[in-house]
Structures are given as C-alpha cells and as structure tokens.
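Asker: Read off the chains here:
Protein chains: 2
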Amino acid sequence: MTKKPLILVTNDDGINAPGIRTLISIMNTIGKVVVVAPDSPQSGMGHAITVDTTLFVDKVQIDDGPQTEYRCSGTPADCVKLAIRELLDRTPDICVSGINHGSNSSISVIYSGTMSAAVEAGIEGIPAIGFSLLDYSWNANFEASKSFVKNITEQVLKNKLPNGIVLNVNIPNLQKNNIKGVKVCRQAKGNWVEEFDKRQNPSGKNYYWLSGKFVNLDGGEDTDEHALENGYISVVPVQFDLTAHPFIKELNSWNLNKSE
Amino acid sequence: MTKKPLILVTNDDGINAPGIRTLISIMNTIGKVVVVAPDSPQSGMGHAITVDTTLFVDKVQIDDGPQTEYRCSGTPADCVKLAIRELLDRTPDICVSGINHGSNSSISVIYSGTMSAAVEAGIEGIPAIGFSLLDYSWNANFEASKSFVKNITEQVLKNKLPNGIVLNVNIPNLQKNNIKGVKVCRQAKGNWVEEFDKRQNPSGKNYYWLSGKFVNLDGGEDTDEHALENGYISVVPVQFDLTAHPFIKELNSWNLNKSE
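These protein sequences, in sequence, are chains A and B. Each residue of the first sequence is one higher than the one before, counting from 2 in the numbering used here. Each residue of the second sequence is one higher than the one before, counting from 2 in the numbering used here.
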C-alpha cells in the first residue's frame with residue numbers, strides 16, 4: 002500500500018477511555034487516524050441510534066498524537082454514521098472500535114456498543130474490527146494487547162474482508178508471554194442470567210439495578226469462550242444477515258397462510 | 002393444548018401505542034396475557050440494555066382487558082429480562098413484540114427495539130415473534146393485520162421454533178383483501194443512507210438530526226423487501242448466532258499469529 006490508509010476509530014466507553022487512547026496510538030503507526038467517539042460511556046447500547054433527539058459534535062484534541070478527533074453526543078452507531086456522511090472527506094479503509102474495557106464474547110456481541118460500531122461500518126461496506134479486553138476496570142492494562150491489535154488490523158487491511166462480515170476480537174487479561182496466540186472461533190452459545198437488585202428509593206418506591214452473570218452453555222472447543230479460557234485471543238467473523246437460512250424450508254411447511 | 006398458554010407481550014413504541022393495544026387484544030383471544038412494556042417510545046434502541054441507571058416498574062391498567070400489565074422505564078430488552086426474572090411466575094410459552102408502527106424489514110432488524118425484545122426472549126429459550134406494520138404513523142390502521150398476527154402466533158405455539166431462532170414478521174400497509182398472503186423470506190441486503198440535517202442552535206452551535214432513506218441493494222425475489230413490495234406479509238427466521246461460519250476456513254489461512 003503506497004498511500005497511508007484512512008482509519009476511523011471509535012468505541013463505546015467514551016473518547017477519554019484508556020482503551021481508545023491505546024487503540025489510537027496503535028493506529029497512528031499504521032495510517033491516518035480520524036476518531037469519532039461518544040462523549041460519555043455507552044456500554045450496553047447495542048445497536049441503538051439516536052432518532053428522537055439532537056446530535057452534537059465537537060472537534061477536540063485529547064492528547065498530542067497526530068490524529069484528528071471528534072466527540073459526539075450520540076451512540077457508537079451514530080458516531081460511525083456521522084463520520085461517514087458528514088465528517089470524513091472519503092470512505093475510510095478500515096474502522097476499528099475499542100479497545101473495550103470488558104468482554105464482548107459469546108452472546109455479549111448482541112448487547113455490545115463496541116461491536117455495533119463495527120457492524121455499522123460493515124453495513125457501509127467498510128472492513129471493520131471490534132477489539133475488547135477481558136478487564137472491565139478503567140485502569141485495565143492494554144500493554145499486552147498492542148502487538149496483536151496491530152497485526153490483526155494489518156491483516157484485515159491486507160486480506161480485506163468479504164462484504165457482510167466484520168471481526169469480533171476478544172483478548173484475555175494476561176501478560177503478553179502468557180497469551181498463547183490467536184484462534185479463529187465461532188460464537189459460544191450462552192446467556193446472561195440476571196440478578197435484579199431490588200431496592201427502595203427514599204419515597205418507598207421500588208426500583209431495580211440490572212446485574213448478572215454470563216453462563217457458557219456451550220461445550221465446544223471451537224468457541225470464543227473456550228479459546229479465551231485457554232489463554233488465546235478469539236477472532237469471530239460476525240455477519241449481519243441474521244436470516245436463519247437452513248430453517249426456511251421447514252418454515253415453508255407450516256400453515257402460515259391459513260385463511261379465516 | 003389444554004392449559005391456556007402464557008403470553009408475554011412487549012414493544013418499543015411504548016405501552017400506550019395503538020400497535021401494542023391491538024396485539025394485546027389479539028393475544029387475549031389465545032391465552033393468558035402479561036404485558037411488560039416501556040413507559041415511553043424506544044424506537045431505534047437496538048439491543049440496548051440499561052446498565053448505568055435504575056429501572057422502575059409500575060403495575061398499571063391501561064384498558065378493560067383481562068391482561069396483567071406493567072410499564073417499565075427501560076428498553077424493550079430490559080422489559081423482557083425483568084418479566085422473566087422478576088415479574089412472571091413461570092416461563093412464558095411465547096413472547097410477542099409489537100405491533101411496531103413502521104417497518105423492521107431488511108437491515109432495520111439490527112436497529113429495531115421490537116426485534117431486540119423478541120431476540121432477548123429467544124436467548125432465554127422462549128419462542129418469540131416481532132410484528133411490524135409498514136406505517137410509521139401513531140394512527141396506523143392495524144385492522145387488516147389481526148387475523149394474520151393471530152394465525153402466525155398460533156402456528157408458532159403449535160409447531161414451536163428451534164432454539165436460537167425467532168421470527169421477524171412485517172405486514173404491508175394494505176387493506177385486508179389486498180394482502181396476498183404470507184411469504185417466508187430471507188433478509189434483503191440493504192442499508193440506510195443518512196441525510197444528516199445540520200442546524201444551528203440559538204447560541205450558534207451546530208447540531209444534527211438523523212434522517213435517512215432505506216435503499217434496497219438486493220435484486221432477489223426471495224427477500225422480505227420483495228415480498229412486501231408485492232403485497233405479501235414477510236416472515237424471516239432470525240438467528241442470534243452471528244458467526245459467519247463459512248468464512249472461518251478462509252480466516253484460518255490468514256497470518257493472524259504473526260509474532261513481533
């Protein structure tokens with residue numbers, strides 16, 4: 002590649018999060034970086050978009066790097082839409098989202114703002130990757146992830162991704178020499194078992210805090226959960242054609258057209 | 002079925018929307034209905050969940066029907082989680098979401114709060130359907146959809162759905178005798194082309210409204226868009242294993258494990 006690639010960087014933890022600052026510093030070594038990221042944390046936003054209120058965008062400079070940065074009042078998906086339609090001069094060569102503070106493996110891909118940004122870019126035909134580190138703390142240590150994030154990004158720039166596919170990359174919270182390598186995986190079957198924490202406010206009205214625990218329901222050794230538990234970085238190719246194609250035939254045998 | 006099925010009803014337009022009131026009245030003819038729905042419109046919320054603020058739930062009676070109803074301050078996915086973990090005595094036999102005021106066909110399934118509620122139920126192993134009418138207005142006429150919604154729900158109760166699959170049903174905005182029938186389809190390839198409406202607030206600060214137009218990029222005759230354009234109700238089986246399985250082999254040939 003003779004021309005430097007244009008790299009769109011976003012996340013869901015907000016533009017000041019250490020995870021995106023790390024991602025920006027890595028991307029500055031690969032290409033020309035434009036950041037469009039939420040002004041505040043947006044975890045759990047799934048693929049939300051802002052249709053009922055206004056969106057504000059400010060050009061900002063958070064640190065000394067060469068990147069151009071915008072912070073946006075919207076969701077991660079809004080950031081990608083605004084970047085592509087309003088803020089960038091040309092279509093980016095790649096969109097990277099993260100590095101998320103916390104896992105987006107298995108079913109968490111569905112709730113993930115990090116991955117929704119990658120999917121939004123994918124819908125626009127832009128190669129895209131969501132990166133997540135399995136450490137929810139603000140002071141997570143992203144050091145060990147750096148060379149892997151860089152290589153995976155370069156591999157996507159080199160090999161391209163087919164239309165309709167983006168990558169979901171999760172990184173175990175380990176020292177670099179304890180990371181065994183990178184494994185291509187499928188999404189493990191699993192769910193979150195919520196434990197709603199029920200409380201009373203000072204007026205005596207009940208309210209709830211959502212909390213819960215992820216349960217892996219998948220014994221397969223080819224899943225992202227299995228890779229992460231065994232010290233590997235998981236890479237899952239993610240599609241946004243949600244059609245369950247193999248079930249179409251059976252569904253056609255149902256009596257869906259019964260008239261009254 | 003000797004025992005009346007327990008039916009969980011939710012939506013994303015809010016508990017007072019005519020679409021959910023219609024859906025409740027249909028479901029009251031099939032089983033025992035419990036409604037847990039957002040207290041305000043949540044369109045475009047995708048699969049958002051509320052992790053950073055409190056959730057309030059009130060038992061309410063909106064109309065004279067036999068259903069039990071709760072309104073919730075959260076998203077559609079929150080409503081389903083709260084219903085299953087806190088509000089219902091037993092796991093529902095089915096979850097129906099909608100009837101949405103407006104289409105959730107093609108890529109809109111990704112942004113849809115209606116469908117995120119159905120998917121959330123599906124993750125919990127509950128058969129689930131999202132219903133949408135192709136009319137965005139609050140005063141949309143749901144009359145023609147009634148017998149179809151009833152039959153499709155009864156077919157799901159009778160035939161069950163495999164684990165991991167929910168149905169996305171979209172209904173054209175036509176008189177009943179102009180609806181040609183029900184077609185099982187795949188999700189059409191398409192995207193939303195946004196036109197951000199850029200304005201200035203009274204202090205001179207720029208802001209944006211998100212608006213846009215759906216573009217169907219799929220010429221196939223087996224898609225939901227094609228069915229709807231031709232007067233059919235579309236039924237797409239939707240999965241939440243997002244793994245692009247056929248791409249795993251190629252991805253394994255990439256140099257993802259390059260060491261530095």
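Misleading hints may appear alongside valid ones.
If several chains are the same, the list does not tell them apart, and a pair holds so long as it fits within one copy or across any two.
As the list claims (entries may be wrong) - Computed cross-link-like contacts, PhoX-like style, restricted to lysine-lysine with a CA-CA straight-line distance of at most 25 Å:
| # | residue 1 | residue 2 |
| --- | --- | --- |
| 1 | Lys259 | Lys214 |
| 2 | Lys159 | Lys259 |
| 3 | Lys33 | Lys214 |
| 4 | Lys250 | Lys190 |
| 5 | Lys214 | Lys159 |
| 6 | Lys259 | Lys161 |
| 7 | Lys206 | Lys190 |
| 8 | Lys33 | Lys177 |
| 9 | Lys60 | Lys199 |
Bear in mind the hints are in silico, worked out from the structure with no lab data behind them. None of these values were measured; they are calculated from a predicted model.
Asker: Would you mind marking each hint as holding or not holding in the structure?
Answerer: Results of checking the hints against the structure:
{"no.": "1", "hint": "Lys259 with Lys214", "result": "neither (43 Å within a copy, 34 Å between copies)"}
{"no.": "2", "hint": "Lys159 with Lys259", "result": "between (52 Å within a copy, 14 Å between copies)"}
{"no.": "3", "hint": "Lys33 with Lys214", "result": "neither (39 Å within a copy, 30 Å between copies)"}
{"no.": "4", "hint": "Lys250 with Lys190", "result": "both (24 Å within a copy, 20 Å between copies)"}
{"no.": "5", "hint": "Lys214 with Lys159", "result": "neither (38 Å within a copy, 33 Å between copies)"}
{"no.": "6", "hint": "Lys259 with Lys161", "result": "between (47 Å within a copy, 17 Å between copies)"}
{"no.": "7", "hint": "Lys206 with Lys190", "result": "neither (37 Å within a copy, 46 Å between copies)"}
{"no.": "8", "hint": "Lys33 with Lys177", "result": "neither (27 Å within a copy, 55 Å between copies)"}
{"no.": "9", "hint": "Lys60 with Lys199", "result": "between (41 Å within a copy, 16 Å between copies)"}
Of the numbered hints listed earlier, those contradicted by the structure are 1, 3, 5, 7, 8.
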